[in-house]
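Enquirer: We have chain A already, so just place chains B and C on it with the hints.
Chains as they are written, first to last, in my numbering: chain A, 1 to 268; chain B, 269 to 1074; chain C, 1075 to 1156.
Derived by calculation from the structure, the hints in this document are not laboratory data.
30 Å max Cα-Cα, derived BS3-like pairs, lysine-lysine:
hint	chain 1	residue 1	chain 2	residue 2
1	B	Lys403	B	Lys378
2	B	Lys545	B	Lys909
3	B	Lys829	B	Lys842
4	A	Lys101	B	Lys277
5	B	Lys498	A	Lys220
6	B	Lys821	B	Lys832
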Amino acid sequence: MIPTELRGRGSRVWFAVAVTVAGVGFFSAASPDPERLPRVTAEAAARQMTPAGLVAAAPVGVAPSYTELRDLRRGDNGAMYSGATAALVGAAADAFTVLTKTPADWTGALVQRATRRAYAGAPPTIPHPIAQLATNACLACHEAGAIIGGRVAPRMAHDHYQACTQCHVPSVDPRPWNGPTPGASGSGALALNDFSGLDTFGRGTRAQPGAPPTVPHPTKMRARCDTCHGPKGLLGLRTPHPYRQSCSQCHLPSAVLDQRIAFRTERP
Amino acid sequence: MDRRDFLRKSAMSAAVLAASRGSEAAEASKTAVDPAVLARSGAGVTWNKAPCRFCGTGCHVQVGTHNGRVVAVAGDRLAPVNQGLLCVKGYHVGLALYGKDRLTRPLLRKDGVLVPITWERAIAVASERIAADPKGFAFYGSGQWTIPEGYAAQKLMKAGLGSNHIDANARLCMSSAVTGFLATYGVDEPAGCYDDLDVCDVLIMWGNNPAEMHPVLFSRVVDRRSRGDKITLVDIATRTTRTTGFCDHQLLFRPHTDLAIANGVMNLLLERGAYDKEFVAKHCAFRADSAPATLQGQAISIDEFRRQLALYTPDHVEKLSGVPAAQIRLLADLFGSPKLRITSLWCMGMNQHTAGTAMNTLVHGLHLLSGHFGRPGDAPTSLTGQPSACGTVREVGTLAHGLPGGLVIANEKHRKEAEEIWHVPAGRIAAQAGHHTIEMWKRFSTPKERGGDISTIWVQVTNPGQSLPNRHALVDPSRKLPGKFLIVSDVYPTATTAIADLVLPSALWVEKNGMVGNSERRTQQWFKMVQPPGEARDDCWQTIAVARSLHDKGVPGLKDKDGKFLFAIERDGKELPIWDWKHYYDVNVDEHLFEEYRAFTRFKHKDLAPYREYVRARGLRWPVVQQKDGSWRETRFRFTKFDDPYVRSDGRVDFYHSPTEDGRAQIWFRPYAPPPEVPDKDFPFWLCTGRVLEHWHTGSLTMRIPQLAAAMPQAYVEVHPNDARVLGVNNGDMVVIESRRGRVTLPAWLDGRGAPVVGSVFVPFFDERVLINNVTLDAYDPFSKQPDYKKCAVRLHKAGANRLPT
Amino acid sequence: MLVSALVLTVEDGDLARLLTHLSADPRLELGSLVGRRLPVVAEVPDARSGEQLVEELQGLAGVSFVDVVLVDFSMANTQEAI
Chain A
1 MIPTELRGRG SRVWFAVAVT VAGVGFFSAA SPDPERLPRV TAEAAARQMT PAGLVAAAPV
61 GVAPSYTELR DLRRGDNGAM YSGATAALVG AAADAFTVLT KTPADWTGAL VQRATRRAYA
121 GAPPTIPHPI AQLATNACLA CHEAGAIIGG RVAPRMAHDH YQACTQCHVP SVDPRPWNGP
181 TPGASGSGAL ALNDFSGLDT FGRGTRAQPG APPTVPHPTK MRARCDTCHG PKGLLGLRTP
241 HPYRQSCSQC HLPSAVLDQR IAFRTERP
Chain B
269 MDRRDFLRKS AMSAAVLAAS RGSEAAEASK TAVDPAVLAR SGAGVTWNKA PCRFCGTGCH
329 VQVGTHNGRV VAVAGDRLAP VNQGLLCVKG YHVGLALYGK DRLTRPLLRK DGVLVPITWE
389 RAIAVASERI AADPKGFAFY GSGQWTIPEG YAAQKLMKAG LGSNHIDANA RLCMSSAVTG
449 FLATYGVDEP AGCYDDLDVC DVLIMWGNNP AEMHPVLFSR VVDRRSRGDK ITLVDIATRT
509 TRTTGFCDHQ LLFRPHTDLA IANGVMNLLL ERGAYDKEFV AKHCAFRADS APATLQGQAI
569 SIDEFRRQLA LYTPDHVEKL SGVPAAQIRL LADLFGSPKL RITSLWCMGM NQHTAGTAMN
629 TLVHGLHLLS GHFGRPGDAP TSLTGQPSAC GTVREVGTLA HGLPGGLVIA NEKHRKEAEE
689 IWHVPAGRIA AQAGHHTIEM WKRFSTPKER GGDISTIWVQ VTNPGQSLPN RHALVDPSRK
749 LPGKFLIVSD VYPTATTAIA DLVLPSALWV EKNGMVGNSE RRTQQWFKMV QPPGEARDDC
809 WQTIAVARSL HDKGVPGLKD KDGKFLFAIE RDGKELPIWD WKHYYDVNVD EHLFEEYRAF
869 TRFKHKDLAP YREYVRARGL RWPVVQQKDG SWRETRFRFT KFDDPYVRSD GRVDFYHSPT
929 EDGRAQIWFR PYAPPPEVPD KDFPFWLCTG RVLEHWHTGS LTMRIPQLAA AMPQAYVEVH
989 PNDARVLGVN NGDMVVIESR RGRVTLPAWL DGRGAPVVGS VFVPFFDERV LINNVTLDAY
1049 DPFSKQPDYK KCAVRLHKAG ANRLPT
Chain C
1075 MLVSALVLTV EDGDLARLLT HLSADPRLEL GSLVGRRLPV VAEVPDARSG EQLVEELQGL
1135 AGVSFVDVVL VDFSMANTQE AI
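Bound conformation, chain A alone (with noise of 0.2 Å):
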């Protein structure tokens, strides 16, 4: 198991270091706490930095660097990021904490989504900057997804899609430069649009009050219910019954919608 001492902020501050390559400014609200860093003793640094038996002398009362950190991942502290890893994973609300939320909390947690998204159903975009030539990183975070900083990176809701950046755009500006914004000036029409999406998919049915809802929305790329439904997800779309494991025991998706039945092909 984890240390107790490996569960508090200091190891989210590390894990964070660990992890910026995939999300650069991501994490920009952690900022390290000297207090709660985890201690290496500059002994046991030196042990693991020279050949077995040599114990070089090392000047006492300097802290690692970094770098000498994660090349002490074998020694004693070897066990110290993957259990910053589950312990992010862990962080979540427990599965059985009493759940109350309000019709309000539904509607906002909808806007919170618009925000990120052209319409209900499109994939959305990515808040913070990426790594534009290496984007495999994305995994790191979003693979069982973690809160860090009080930020949730969501996991993902789909599996076995190997290219991310193929449907999630960065919404963030990508350049490392300020940059015309297209809109702003020039062809002034560039990027300005009167789309006007679909907002939600609506509330699912029930066959009488008490019955299971419906799912209201496809199930495509929403293999994962508790990316959106789970202890992680927005208050408003959370489920009061997260120890469930088998969502569609109960809840019944849409055959119109997850395209089971043809839809009508004929001119209107």
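Expert: Showing chains B and C alone in chain A's frame:
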């Protein structure tokens, strides 16, 4: 809190929730339905199928419409191409309709300014220009023309005006693929299909970046890894891209030396005896360039072939290309393994190449020589960049030398067949091929007295003001010459409408009926779902309306042998006035044009099914042949005994359109020769141009989609950090790129989307504010006439900085 | 021991009398009425007595439905045949 308390509290909250939910539902059912809420909640959305508007992959989307507007898009799960998946452009394709500055009225240039006019006036102006000089009129269309649109333009020109001056922007993107297919198999378009991607063991990408340009196809391969499949991906490239990250091997080569690589691999196969002797003996013949060079070349023996190739030893290839000899051997190991299934993909990298035809034939030759052909997973497949580059430009033949169905102007018999189907007098079709794209625009930009015989060009569905190479020479002069008139049909203001004399506002995508054909011979259909904005109207209607106006003026050729209008559609013996916009949708014009066009498709075994079959399907791959039970069967693997109904022999394959008419495909010897322009002392850098994931072509649609524009807001120049250090350039610094033809200024990006090698730079061409085609070279392939956008020599300096003496 | 969450749908009529009756039952804990629905937590020794309780509640005058929302078996006697 003990466990019992906890359970009791949880139970209470569950009970309270259940009780309150019930009441909520009961309350909701009592509330009157507010239409605004309906719109928000998704009730009342109608879904219908359409192929995506963007690239040549041909994904089907489900378009959700509500109150006459597109409100949502979903991947079509019944579509075999994409199986429910899309890319970021496809997911946002619905937004392409709603840019704020849609063109909604016809505009005519008066005293240098475009002013609104009526449609009647616009059609009259266009037809007056054409009637005044029919032979000086040229039509410039695109691979975004729907099949009926391209067919109508084709018929107006070749059957009506008796002129072959019709060409399309596909000339700039895949004509070398066409000549490659013709030189090898005697007939155009890939033998394989996307099903190869599901079963191949090795995927070789020749100068191709499908992770960004054909993302759905790329996913179709790499997602197999998630299911435990082992696939070897090989990236043969001049720069590192997002695709490279997924690849097992990268062969980084010097621009233009891909010919040497292919030759090196073939040489090794012969030397090792690792080629497919039986396949070659039965189904192949060898060929090399003739003097003078023709597309057919001349036959050579396998010994002659072997002798010529012998020069390309791994070490020599390494010297030419910079690719380590070990990697040439690795490629030969792969091709030399008969058990592996190998699919090759390529697109612009191989086609926009002054030796594009040669390189295309080499890759086909490599697959034929090694026997990696004609089995699922074994295929050389060229991809296209536009939704109907295949369906319209190649199959309808909207090119200066082409006729529908793979027929050609040069063949007298073909002309006769076409005249018969079009029901026009013999000799109506001009025997001389028309001006290909570069020639057309060169002559438009040349005064009449100096041979500039093109006086009017009508541009539909494309943006040559941004996409033609060496714009200063091909486009700009025409704008200052008297007597040159440019008509442009488009949906948004572009670099081309900005210089047009007459602008016609067009309907876009699901604002009209349409049919297109993708890279795997799949013909697709959709119905109009929403009205175009303002006075925007279908391109096909525009062509027919102008044709009718010419007919009414008595311009010869607009009537068939019986004196009927060329585009006449009759009902109960009465002609329907489809040239009148009010009546255009009284009948399905697309269906009528398509059924007429179908007659052409039987000659080259590119058989298409009746229109109604496409209404039902998510596209069908030709040849689509009717079965005994009346059903229509598509063909996945052309020329193969097990799937293609036209295969005659008992062998594994039959190349039934062989250029040598003996069922054999041609394996070409094509020597490596240096490109027309290479970096030198004055212009020391290679410039490559291309695309990025978010933007499609000249960005006239995608730059108006906020999500896409935000993700990639402007063009940039990709520079290697070492070069940047020497130039004193950092991220965001403005850099001047200059060639012998022109210059642009744009910011540098050192660690961005792609990584160039030292001594080369890359610029995406989507940004109309940075016309990189002022810099590119207009040298073209001798057979396909396709220009090379992928390499020319440039010099760079930091904008504002003093230039070093050269 | 089993903890269950129930929702009783009650009829208009002598509601006060029904509520008094229910609140006197030591097995039940009543929540506050939502419209005509009453959330209830029940604690019974085993499944059989749970079923009896539901039948009993269903039989009460003024109760039109008893919905069992959930039953927690985590503290049940494992020897008990369910």
